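*Asks:* This is what each chain is made of:
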Amino acid sequence: MTKRFLTFVAVLALLALTTIAVSAQDPVEIRFMWYSDGVEGDVMRDLLDRFEADNPGITVTLDVVPYATVRDNLPTLAQAGEAPDMARITNFGGMRGLYLDLRPLMSDPSLLEDNFAGAVLEAFRLPDDTEGLYGFPDSLSVTAPYINRTLFEQAGVDVPSDSMDEVSWAEWTDALKQVAEATGTPYAVAIDNKGHRFAGPAMSMGANFFDADGNFALANDEGFRAFAEIVKGWHDESLIPREVWLGSGGQYTAANEFFESGQVVMYFSGSWQIGRFDSVIGDAFDWAVVPNPTGPGGSTGVAGGAGIVAFAQTEHPAEVAKVMEYMLQPEVYKEYVERSLFIPADKAVIDLGVEYTAENPLVNAALAQFAVEAGKLQDQAIRLNLHPFAFAYYDASNTRLAQYFAGELTLDEAMTRLQEDIDAAVANAGS
Amino acid sequence: MSSATVPHTHHVSVWRRVQKQLGAAFNAVLNFFIDLMDYIMHPLQRLVGIRGMGYVFVLPNLLIFGVFILLPMITNFFYTFTGGANLFLDQRPYVGAQNLERLFDCQNFLAPNTCREDLFARAVTNTALFVITQVALMIGISLLTALVLNRKIIARGFFRSVYFYPVLLSPIVVGLIWKWILQENGLLNALLVAFGGDKVGFLTDANWARFWVVMISVWSLMGFYTLILLAGLQSIPSDLYEAADIDGANVFQSFRSITLPLLMPTMLVVLILSLIRAVQVFDVVFAFTGGGPGSATIYIVQYIYNNGFASATKEYGLASAASLVMAGSLIVLTLAQLRLRGTNNVT
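So the protein sequences, as listed, match chains A and B. Following the working numbering, the residues of the first sequence are numbered contiguously, the last one being 996. Following the working numbering, the residues of the second sequence are numbered contiguously, the last one being 354.
Please keep in mind that the hints were generated in silico from the structure rather than gathered at the bench. Fair warning: there could be bad hints in the mix.
The list that follows gives simulated cross-link-like pairs (lysine to any residue, SDA-like), each with its CA atoms no further than 20 Å apart [said to hold, decoys possible]: (1) A:K797 <-> B:G208; (2) B:K206 <-> A:A930; (3) B:K206 <-> A:Q828.
Everything numeric in this text was worked out from a predicted model, so none of it was measured.
Start from the sequences and build out the full structure, keeping to the hints where you can.
*Replies:* See below:
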């Protein structure tokens, strides 16, 4: 009986030890929520494969989701304690207070602290926090117009910016109309229905987005009004695909497919489209990035970009910090932006110099033009996307401008409502 | 007996033996589980008594109802009286009736620009217009279809399936299919251009967008209501029509004096169901127009969704207040219809 009992205990102990041993060998799985505009997801997967090979105890699963999931669902998930370990986001200030502070976990916090602009690091922090290191931008994006150069050639119309340093929206619109008419192209111009894309041209028309305290102040802004009237004119003349702003309610709709299929002469978007255009358009036609049109406020696009953050609720903070630190290694970040055709935001990588290896000369020309546009960014154009209520402005401007373009509201009413919506969002967040 | 029938009979008897053995095996497994349940049910019955066992049996369903329907409704009620952007109720400040006041702070509900929450006013008026037109069209077309399908027409079974098929589609699929048909570069505009016409902004003109939202909604759901009405029509005794025929009544007189009165209870059921469903319209329109152009097709549920889920700064309190208003209006509508049912002796 005693012998049988001892055997039973021995078997149990063996089983327990085996379980513990297996558990000890189980790799830690990091869940990384990701969205892609172009090829960057494949590049990141490749880089993470190398990380996993060097760190056998950690696996990183990229959960690729639509952008809307990151934008709309992730904040709720994070508040509910259901966030992934890491995520690629665009609304840096949207989940402040829920990010993991990497400073005590990183072996070299200077990779973050010294290599990124203070204003960018600040965007991830709560107002009373001056030290926390929560995330970093994986790229810097800039908005500017793309043109279909082949259509200009077919129409026999000169590209205005080829011969003039400063081209106004009125001059561009005339040229685009001529090209569209001569070539039978359905639309002269397109712009994504997002307040972010709208902002650069509005600033070029003289808009001042912020008051002295840094709050949005758009209700009576003449520059904002001027560009809104230009876009309304495009709608009234059917120069623009009306469905982008009018066919989607307040939902964000990109107009890239109109450009990719040769249905529009000029498309106003940003640098994140380069990789996509390279792979989708191929050699179907020549495309190019042209300088931001000039107005009373100068010539500027706006900055933007995606960022990578970790969440405080992760069960594996040390491993997450290790992944973040790996991505911050200048040679890793450099390869990521080079292969994704992104503009780096990391000073160390900028100092190293980025060599894009695209075979398509159009890509290199586009990147060079975006580098020029990045240098022309106004201060407010850099601050816009980092503002804690930037996305309140984006949401409200989508709806209110669409109502104006549809004829539901006058421009005065639309701008007043836009300001009220932003104020309500600020009040709601503060209560 | 021919030589060919012997093996056949043999096969049948073998098959019956197999069936019998399979049945016995199945019964054994079933009995095992029933015996197992006895171990639970006997003590339970001793505990709650034989009368209490009824409650035990409905308990799982009640739990599901409580957790997934009742609890969210109660939670929604409390959220209505809180503010801020935090998700959890205990972290949200009490703001009294502020959210409800914000929704109803309006000089004239029919002039949304005079309202503080103009989009809510637009959503309410859009929903009212949608409900009136969609329900009227739905009942009219469903009744007409049911009357036709109740007659002895060629390929009746085929047509009954065809009209029901859209009901099986996901609303998102319905919305996207029609979007591809009606968008500026869609199928319908291509046809118009091919026949020498001009493109029409079916999705970008407010009136067209409202019209198509109603039509698509009717198209996608009418099969369901047609089926209910068809069942109602088939329950009307045919001898009534034969008697009317003998008395010299024509088709319209028969319809007015026999079909309509006897179908009224079923029509009321259809009215109740379609009204409630019309007030809750969301998914198909969200995929089709997204609420545009401007806010021409924004309805109450999308207003709630936009504020509670699809905005960067979530306004859970405002969204809950709008939900409460919608629930209240649905309760009023349902009570009115129940009262109507009572007077019409609908069972």
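*Asks:* Determine for every hint whether it applies to the structure shown.
*Replies:* Hint by hint, here is what the structure shows:
| no. | hint | in the structure |
| --- | --- | --- |
| 1 | A:K797 <-> B:G208 | holds (16 Å) |
| 2 | B:K206 <-> A:A930 | violated (37 Å) |
| 3 | B:K206 <-> A:Q828 | holds (15 Å) |
The structure fails hint 2 only (numbered hints given earlier).
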